[in-house]
Amino acid sequence: MLKTFQRGGIHPPENKLSAGKAIIPLPVPGTVAILLSQHMGAPAKLLVEKGADVKTGQLIAKGEGFLSGNIHASVSGKIARIDEVQDVSGYRRQAVYIEVAGDEWLEDIKLDSVLDREIKPEGPEIIQKITEAGIVGLGGATFPSHVKLTVPRGKKAECLVVNGVECEPYLTSDHALMLEKAEEILVGVQILKKALNVNIAHIGIENNKTDAIEVMQRLATSYEGIRVHALKVKYPQGGEKQLIKAITGREVPSGGLPVDVGVVAFNVGTVFAVYEAVQKNKPLVERVVTVTGKNVNNPSNFRVRIGTPVSLLIEAVGGMTENTGKIIMGGPMMGKAIGSAEIPVVKGTSGILLMPDTETARSSIQPCIRCAKCVSVCPLGLEPYLLMPLAEMGIHDSLEQEHVMDCIECGSCSFTCPSDRPLLDYIRLGKSNVGKIIRSRKKQ
Amino acid sequence: MMMSTTIIYTIVSLSLLGAVAAVVLYFVAQRFKVYEDPRIDLVEAELPAANCGGCGFAGCRNLAVALVKSENFDGLYCPVGGNDVMAKIASVLGRETVTRDPRVAVLKCQGSCEFRPRTSKYDGAASCAIASALYSGETGCTYGCHGYGDCVEVCTFDALRIDLITGLPVVDDQKCTSCGACVKACPRNLFELRKRWKGDKKIYVACSNEDKGGVARKNCSVACIGCNKCFKVCPFEAIIMKNNLAYIDSDKCRLCRKCAPECPTHAIIETGFPARKEKAQETADTNNVTA
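Heads up: the sequence lines are chains A and B, in that order.
Its first residue numbered 48, the first sequence is counted upward by one per residue in our numbering.
Its first residue numbered 2, the second sequence is counted upward by one per residue in our numbering.
Since the hints were derived computationally from the structure, they do not count as laboratory data.
Virtual Cβ for every residue (Gly too), placed ideally from N, Cα, C.
Errors might be hidden in some of the hints.
[What the hints assert, rightly or not] Within a straight-line C-alpha distance of at most 27 Å, the following computed DSS-like cross-link-like pairs (lysine-lysine) qualify:
#: 1; chain 1: B; residue 1: K233; chain 2: B; residue 2: K202
#: 2; chain 1: A; residue 1: K97; chain 2: B; residue 2: K243
#: 3; chain 1: B; residue 1: K89; chain 2: A; residue 2: K383
[As the list claims (entries may be wrong)] To be clear about the criterion: a stretch of chain A counts as covered by chain B if any three or more of its residues have a C-beta under 8 Å from a C-beta of chain B, and this derived list gives those stretches:
#: 4; segment: 111-125
#: 5; segment: 133-141
[What the hints assert, rightly or not] Computed spacing ranges between beta-carbons, pair by pair:
#: 6; chain 1: B; residue 1: R162; chain 2: A; residue 2: N345; range: 44 to 54 Å
#: 7; chain 1: A; residue 1: K125; chain 2: B; residue 2: H267; range: 37 to 47 Å
#: 8; chain 1: B; residue 1: R162; chain 2: A; residue 2: A69; range: 21 to 31 Å
#: 9; chain 1: A; residue 1: G98; chain 2: B; residue 2: D102; range: 43 to 53 Å
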């Protein structure tokens, strides 16, 4: 019997079109636009000026907020301008435009692909290196990794959970990474174990990636304290709380963090970035992005420099077809449709999905028939049918009582609703309003 | 005989019962008496009873309570009733009245389909708040009106409607009471309560775009591009330039109308004025050509 989380969940069609395909390095583009806000917190503080020459891997902005991360030049060349660029939401944000000239990396970055098993630095030194490398959660939430590794006083990390679930349909970037860089990921796990001072690490992989499970299980035997778990396929198992529940059986309390139950969780992409940062001195300047879609000629996994415009990625798979309805950054469940293909790739971009217009059109909204399907699929045990009208009418105290802030925005409710009600849209609105109220209350 | 005694007994016993109950109720009423200032009812009777929340209170009754309690009406005002109602309330309470300039809501956006080309299509829930939280909107302008009518929904006075041709909300000056519900409802803060001039004359910058001129103009042909032309021509220093956007301060503006013809993008709206003289019109046109 395979493990999984108990409450709720759905089974959307998997459509992993690019599964098993090798990671292709995408050629360095002519110009890149590197956003100063690629993490959860406040934008990073700019350190460079227009006209300056930068090398790949050079620090160009320093994360000073609590939930901010450093930003590095992902290419070498001249800083053309510091201007605004549309981010995934379409709003204009500060970005550094670099005109590419050659590909010259900083000297102390090791570019070889030799596996380096020996972990020299000690715990605090590892965290320091991860902070400097600007590593954030590459699963999509872009939570800075060094903050996760700094366990708050009075709490204790007991085990590490590594997320190789990739439960979003279509996306295969983590899968490809696990097939190609399995050993590196395992060394990365050992590094994180050392930094957290824990003895046991669990890697969770859904059972639709049997090849990755086989590779990881085989290689993990030569590392101490790493267990690889095959998990039953169910969305949203890649959610931190769901994965922890599936593997350890522990439930993260409402409003709490995984560390409250002694767990710290990382995505496999993040673990690989940690390996590169600690063993090769390489900051986070590139990531694996899946470019896929049913009408795409050649769905592929690319290694892409941060700041590359999405249009180049689309070109690399043979261009956009006539009947493309939406370009989605991320997966089909939690990704965001973007309004322009000139938006640059950021640290949190796991995929670019071109959806045909026949699939993207929304059906007209029908009245709620009280079938409670949304309640039965909600992995957090919330009541979406109730939260939606509360958010619509702005009854914020009831929303808070109904634990709206626990919602992980997985979209299972909207997916399953037979009346096609935009449940998540309204819940998100309620969340943002309640969040504002809670923050203002805390300030007082 | 039997009949009449039954009637008498009934009357007597019921009267006794009534008298006892009256005595009990009298003492209970005395014991649990809640004193309420009778002036609250008088003040409430003067208020418009729209319960719109424009004063900042949940309803008219709450404002009446606050008015009776307050010494000098500090910060308390019924925008719907206006100066007349406030004067009546002041006379009821025997205090000095407060006056405010009457105001009217205006929409600081002209981005109809004609002027502001669509770059994407939104098919989600028809709510400005949700669309705004999801992304920057159907056009390149990240400041302009979505047109899904959150403002129309909250207007208690039926003063707003969506124009089907432009796709933008239109304020009915006669019905608008300046309660400010639309100001709060708009996620992009496009409504402003401006001074209501005689004859509903209006002159204001109908744009909220803070992008640099080039970007703003590319996304909307009637956007304020922050060129400072109106700022330079204004003889009363009523125009404030901030974040690439002009703003006309209605306290300083004297309706001289010099700014409107200067605007190269026609972002300044003037309504309720008599038509400009021929000559003035011509110079305005040449100005536009040279610009």
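The hints, checked one at a time:
1. B:K233 to B:K202: 23 Å, holds
2. A:K97 to B:K243: 25 Å, holds
3. B:K89 to A:K383: 56 Å, violated
4. 111-125: violated (count 0)
5. 133-141: Answer holds; 5 residues pass the 8 Å Cβ test.
6. B:R162 to A:N345: 44 to 54 Å: For N345 (chain A) against R162 (chain B), whose Cβ atoms are near 51 Å apart, the range 44 to 54 Å holds.
7. A:K125 to B:H267: 37 to 47 Å: Once the Cβ atoms are compared, 40 Å apart, the range 37 to 47 Å for H267 (chain B) and K125 (chain A) holds.
8. B:R162 to A:A69: 21 to 31 Å: Given range 21 to 31 Å: violated, Cβ gap about 58 Å.
9. A:G98 to B:D102: 43 to 53 Å: Cβ of G98 (chain A) to Cβ of D102 (chain B): about 52 Å, so the range 43 to 53 Å holds.
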